[in-house]
Amino acid sequence: MPREEIKPWLRTRFFPHIWCPGCGHGIILHAILRSLVDLGKTREETVIASGIGCSSRMPGYINANTVHTTHGRSLAFATGIKLANPELTVIDVMGDGDCTAIGGNHFIHACRRNIDITAIVMNNNIYGMTGGQASPTTPVGARATTAPYGAIDTPFDICRLAEGAGASYVARATIAQPALCEQYIKKAIQKKGFSVVEIITHCHTQFGRKNKRPNPVDNLIFFKENSIPKAKAKEMTEEEKKGKIVIGEFVDREGLEYTEAYLKLIERVRG
Amino acid sequence: MPRKLAFWQGNMAIAMGGIAAGCRFFGGYPITPSSEIAEVMAEELPKINGRFIQMEDEIGGIAATIGASIAGYKAMTATSGPGFSLKQENLGLAYMAEIPIVVIDVMRGGPSTGLPTRVSQQDVMQARWGTHGDHGTIAYAPSSVQECFELTIDAFNMAERFRQPVLVMSDEVIGHMREKVVIPEPGSYPIVDRKRPKVSPDEFVPYLADPADDVPPMASFGDGYRWHVTGLTHNDYGFPTNEPEEIGKKHLRLVRKVERFRDEIVKYDLEQAEDAEILVVSYGCVARSAVRAVREARAKGIRVGHFRPITLWPFPDKELIQAAGQAKKVIVPELNCGQMISEVKIALGCKAEIIPSNLVNGEILRPHEILATIEEVA
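Keeping their order, the protein sequence lines are chains A and B.
First residue of the first sequence? That's -11 in our numbering, and the numbers climb one at a time after it.
First residue of the second sequence? That's 56 in our numbering, and the numbers climb one at a time after it.
Keep in mind the hints are simulated off the structure, nothing from the lab.
Treat the hints loosely; a few may be bogus.
Taking lysine to aspartate or glutamate pairs in the EDC-like style, the calculated list, with each CA pair at most 20 Å apart, reads [as the list claims (entries may be wrong)]:
hint: 1; chain 1: B; residue 1: K253; chain 2: A; residue 2: E32
hint: 2; chain 1: B; residue 1: K304; chain 2: B; residue 2: E314
hint: 3; chain 1: A; residue 1: K29; chain 2: B; residue 2: D278
hint: 4; chain 1: B; residue 1: K102; chain 2: A; residue 2: E248
hint: 5; chain 1: A; residue 1: K(-5); chain 2: B; residue 2: E98
hint: 6; chain 1: A; residue 1: K180; chain 2: A; residue 2: E(-8)
hint: 7; chain 1: A; residue 1: K252; chain 2: B; residue 2: E98
hint: 8; chain 1: A; residue 1: K29; chain 2: B; residue 2: D257
Derived Cβ-Cβ restraints for the label pairs, each shown as a range [as the list claims (entries may be wrong)]:
hint: 9; chain 1: B; residue 1: D372; chain 2: A; residue 2: P127; range: 39 to 47 Å
hint: 10; chain 1: A; residue 1: P4; chain 2: B; residue 2: G393; range: 38 to 46 Å
hint: 11; chain 1: B; residue 1: E298; chain 2: A; residue 2: G119; range: 20 to 28 Å
hint: 12; chain 1: B; residue 1: P239; chain 2: A; residue 2: R258; range: 44 to 52 Å
Some chain B residues near chain A, calculated using beta-carbon distances under 8 Å [unchecked claim]:
hint: 13; residue: K102
hint: 14; residue: Q109
hint: 15; residue: I114
hint: 16; residue: A119
hint: 17; residue: A126
hint: 18; residue: G127
hint: 19; residue: K383
hint: 20; residue: K384
We treat Cβ as the ideally placed atom computed from N, Cα and C, and that holds for glycine.
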């Protein structure tokens, strides 16, 4: 059950939600709302943006300023909102396909621009809503409806992508560590600059059925058994790290934030 | 009062017209032959506390523009052929979610990369039907640099009034030519701002339209009203619906809000049409050649007139029927293989012979060429 102070943030009239029973997205929704409440954010100052997919239906359930945009484009919409009104707290919730396939260009440029937006990427390694097609994070060998003989293309490491593209804060956790998810989301929201929290979750319906993890509990156990902290991963060989999920904070740096830079530019131009 | 004069390029006039209309946000991406609009905005907007952003692609350009409008700004983007194609999906979102923005398309030759530096009028049907799904369309076609300025103001006013995207379909010739512009004094032309909610945030129903005009008042993110924006078909509360009654209500209103006020939106221009036996119908840069051809033909004693749709959409069909009067022959010169001619045929097909005159080699139709067609059919 959600905490009492979370309830005003939920549009409960739309429950039951569209997610399958046992879906991990609810854990992430809860972590986001707990973070916002604990940081003292108001619903009026908060914007939740999304694109298309199961995870992108999340804003509909959040009682704030919410915008459900086109597939992959939410960060570009969020950029316009944030630049127009830098006072707003802007959170962009995305799935792995939305963020790294169709939205890959917007993702790397939001990182590069270092605009003060928090991106929460719910990575379940599959296109769930459309019926289980392979995504850019589907592991090599995993089966999907469009990879019936197993995926052959190398998946993205979303955190390394964000780091390389210039994000100010980058972290990864799984839904099997909800407290850690919350801790990272809070830091990401507080960070001045572009932040990425990748949360590994599962789609037992579309990914699990084809890949021997057909029920939610199997997936949670899998995440618990295969998560390794960043420090431990450093001591492991590439071979040992295969199939493991490295969790932790990968980037926490200060950089010139875009809206601040633009407001300074205005000051300079206007003298 | 002394008139303020300028000698501007069409693209510059569009940027300055936008600013005069209250545009304070521009999201864009470089593309020939529209880039000057972005360049002028990059220079001018910071001076007036506005915001310019060069996005990573055309899709991002319109997305950021829509985002800024949701946050309360009058916002605009500009592009040309291929970029206009790329913007179509998000243009649809702006129609569906009823977000006012202005989109400029400086037409060049297509399809595909086509002719980046050469003129065409090949996007006029894309303006109407480019994004998937039904919607009302408002699109202007300027024929002079003065009109680039004035019609961009009109475009913003209509976008704000009807809560939807409005298009300015310029072309490479109009965009790049320089002419004298008489800049009207601020306050001497109407400026329309979107209707704001009159109820408290708790009573606010984001898509509950005012029956008087079918347009719902719009709140901005950050001003205390919490609401949901989605490209999914939604009910009055702004939330996705699969209820046939709610779907039909929303869908029909999107079309009706423009159709109802069609007479107030439509703009056109007439030249010596009263007793015309031949009528020339053209728009944009071609109309400049056509008007001259008509005047020269008149001097030769040919009873010919000119009708210029200024709004391509809604197409001024009633006005065209009226203007055509007893004309038995109607010439439609266009820089495409025949696009607006379909609308002319729908309006006049039974009453007159409709004669196409098309040029698709990257050149503009010249006055003597149109004059030759007039003389041929006279």
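Hint-by-hint comparison with the structure:
A C-alpha spacing of about 18 Å is found between B:K253 and A:E32, which places the hinted pair at or below 20 Å, so the restraint holds. Between the alpha carbons of B:K304 and B:E314 the distance comes to roughly 15 Å, so the proposed pair stays at or under 20 Å and holds. Among the hinted pairs, A:K29 with B:D278 is consistent with the structure: their alpha-carbon atoms are about 15 Å apart, no more than 20 Å. Proximity of B:K102 to A:E248 is assessed by CA-CA distance (about 16 Å); at most 20 Å being required, the pair is judged to hold.
Distance hint between A:K(-5) and B:E98 is unfulfilled; the C-alpha atoms sit about 46 Å from each other, more than 20 Å. Annotation: proposed proximity of A:K180 to A:E(-8) is violated, straight-line Cα distance about 29 Å (limit 20 Å). Distance hint between A:K252 and B:E98 is fulfilled; the C-alpha atoms sit about 15 Å from each other, no more than 20 Å. Of the supplied pair hints, the one linking A:K29 and B:D257 holds, its CA atoms being roughly 19 Å apart against a limit of 20 Å.
Taken as a hint, the range 39 to 47 Å is violated for the pair B:D372 and A:P127, whose Cβ atoms sit roughly 59 Å apart. Taken as a hint, the range 38 to 46 Å is violated for the pair A:P4 and B:G393, whose Cβ atoms sit roughly 54 Å apart. Checked against the hint of 20 to 28 Å, the pair B:E298 and A:G119 passes, with Cβ atoms roughly 25 Å apart. The given range of 44 to 52 Å is broken by B:P239 and A:R258, whose C-beta atoms sit roughly 25 Å from each other.
Checking B:K102 against chain A: minimum C-beta separation of about 6 Å stays under 8 Å; hint holds. For the restraint placing B:Q109 at the interface with chain A, the shortest Cβ-Cβ distance is roughly 10 Å, beyond the 8 Å limit, so the hint is violated. Taking 8 Å as the C-beta contact cut-off toward chain A, the hint placing B:I114 at the interface holds, the least distance being around 6 Å. For the restraint placing B:A119 at the interface with chain A, the shortest Cβ-Cβ distance is roughly 3 Å, inside the 8 Å limit, so the hint holds.
With a cut of 8 Å, the hint placing B:A126 at the interface with chain A holds, because the nearest CB-to-CB distance is about 4 Å. Of the supplied interface hints, the one on B:G127 holds, with its beta-carbon coming within about 7 Å of a beta-carbon of chain A, less than 8 Å. For B:K383, the interface hint is violated, the least distance from its beta-carbon to any beta-carbon of chain A being 49 Å, above 8 Å. At about 46 Å, the closest approach between the beta carbon of B:K384 and any beta carbon in chain A exceeds 8 Å, and the interface hint on this residue is violated.
Consistency with the previously given hints fails for numbers 5, 6, 9, 10, 12, 14, 19 and 20, ordered from lowest to highest.
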